[in-house]
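K.L.:
For reference, the chains in residue letters:
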Amino acid sequence: MAGAMLALIGFFLSLYLWLWKTGVLGTLACGSGSCDFVQLSEYGELFGQPVALYGVIGYLGLFATGLWGLQGRWVARREPTVVLAVLSGLGVAFTAYLTYLEAAVLHAWCRWCLISAAIIVAIFASAVAGLWSTRTVSPPAGSR
Amino acid sequence: MAEARRMKGFYLGLAAVAVIGVAAILWARSNAAGGVEEIGPIPVSTEAFPGYSMGSDSAPVQIIEYGDFQCPACGQFAVLTGPDVKRRLVETGQVRWTFRDFPLGIHPNALVAHLAAACADEQGQFWNMHDQLYFRLGEWAPERRPARMFRDYARVIGLDVKQFEDCVDSRRYLGRIEATRRTGETVGVSSTPTFIIGNLRVSGSLSFDSIQVLVNRVAGANR
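Protein chains in written order, with this note's numbering: chain A, 6 to 149; chain B, 1090 to 1312.
Check before you lean on any hint, since a few could be wrong.
[Said to hold, decoys possible] Per label pair, the in silico range of CB-to-CB distance:
#	chain 1	residue 1	chain 2	residue 2	range
1	A	Phe52	B	Lys1251	43 to 51 Å
2	A	Ile62	B	Glu1267	41 to 49 Å
3	A	Val133	B	Thr1275	50 to 58 Å
4	A	Ala98	B	Glu1267	55 to 63 Å
5	A	Leu65	B	Arg1177	18 to 26 Å
6	A	Ile62	B	Asp1241	38 to 46 Å
7	B	Asp1210	A	Val97	34 to 42 Å
8	B	Ser1147	A	Phe52	44 to 52 Å
[Unchecked claim] Non-contacting residues of chain A with respect to chain B, defined by C-beta distances greater than 10 Å in every case (computed):
#	residue
9	Met10
10	Phe52
11	Ala98
12	Phe99
13	Leu119
14	Ala134
15	Gly135
It is worth saying that the hints were derived from the structure and are not from the lab. Predicted model, so just to flag it, every value in this text is computed and none were measured. For glycine and all other residues, C-beta sits at the position ideal for the given N, C-alpha and C.
Required output: the full structure, derived from the provided sequences and hints.
P.N.:
Next up, the structure:
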């Protein structure tokens, strides 16, 4: 549940950054941060597409996975949680790379990116906690 | 039963997040599209520096851009929209374009960039330095000592580098830059880029089409 909820928040955050990058939104609300500098840097794009677009797709995937794990017969099974942990783990690794770029290369911080980093770490942590808790619970009889 | 109630609460929570998310984005979108404000006559002191201008004095519409050289949105505008504006509006006599300094405190290299531009203006090369600064923003913005790079840009655009360096080191335009920034504040400028188009004030990196629409509106009102 927590994973799906956080993924939906992350989805809207990435959508906001992506729409700004594509010129749909005028100015980027960022307080005293350097969101626009980070977003418009050479690291704001990957394979010709805004990094925020990968966030939109990634969070959408995590959201769908989170909902999948809440459906009927999947509730008691580990597969959705494993997929959630793997996907969010990849997200954490990618986010760690982006955060390194902000700190060591650009010397500028994008607050929205930091919030997204916190969200992806939280999703990963909740997935790992879910795996941990199901590891110790025996599957219900007849579920195999 | 309790589980069903829990799931219902969860889906209501998801719906609430979705509604808030969509509303926030629509709000941001409406701010972008409807950010044009009518303002009263602009108080311009005759002693104040009028800014760096290009285009005909008799152009029917004047656009004043308050810009910060280290502002990425200004850079985006200068790179993506600026050339079109110059070719299709300024060179055709429809618009007189003026750039005014508005360095923001959050950008550590902005002030020295504005000094570099003012010093290039001493040698009649403001617009060339303006283009160098914006087109190469990603190169100098993260630098601790950008003045070294500005010296290279000065060389590229054919300035007397010694005179340019002496000017930047003297910081003699600092007061003028600050005065211009304050003039901007008096007409409600708080972010960059902000454009004053006739009696309209609009913020953000505008597209050419948006500028054309506003120019037509102001030109129509002036007729």
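K.L.:
All hints are to be evaluated individually against the structure, with a verdict given for each.
P.N.:
Cross-check of the supplied hints:
At roughly 45 Å, the beta-carbon separation of Phe52(A) and Lys1251(B) lies within the given 43 to 51 Å, and the hint holds. For the pair Ile62(A) and Glu1267(B), the beta carbons lie near 46 Å from each other, so the given range of 41 to 49 Å is met. For the pair Val133(A) and Thr1275(B), the supplied restraint of 50 to 58 Å holds, since their beta-carbon distance comes to about 56 Å. A hinted range of 55 to 63 Å for the beta carbons of Ala98(A) and Glu1267(B) is inconsistent with their spacing of about 46 Å.
Evaluation of the 18 to 26 Å hint for Leu65(A) and Arg1177(B) yields a failure: the beta carbon distance comes to about 40 Å. As the Cβ distance of Ile62(A) to Asp1241(B) is approximately 40 Å, the hint placing it in 38 to 46 Å holds. A hinted range of 34 to 42 Å is violated for the C-beta pair Asp1210(B) and Val97(A), which are about 49 Å apart. For Ser1147(B) and Phe52(A), the hinted distance range of 44 to 52 Å is satisfied, since their beta carbons lie about 49 Å from each other.
At the 10 Å boundary, the C-beta of Met10(A) falls inside the reach of chain B, the nearest C-beta of that chain being 6 Å off. Every CB of chain B lies more than 10 Å from the CB of Phe52(A), the least distance being 19 Å, so the non-interface label holds. Residue-level check passed: Ala98(A) sits 24 Å from the nearest beta carbon of chain B, beyond 10 Å. Under the 10 Å C-beta cut-off, the non-interface status given to Phe99(A) relative to chain B holds; the minimum distance is some 22 Å.
Non-interface status of Leu119(A) relative to chain B is upheld: no Cβ of that chain comes within 10 Å, the nearest being about 16 Å off. Look at Ala134(A): its CB is around 17 Å from the nearest CB on chain B, clear of 10 Å, so calling it non-interface holds up. Against the 10 Å criterion, Gly135(A) stays outside the reach of chain B, whose nearest CB is about 15 Å from its own CB.
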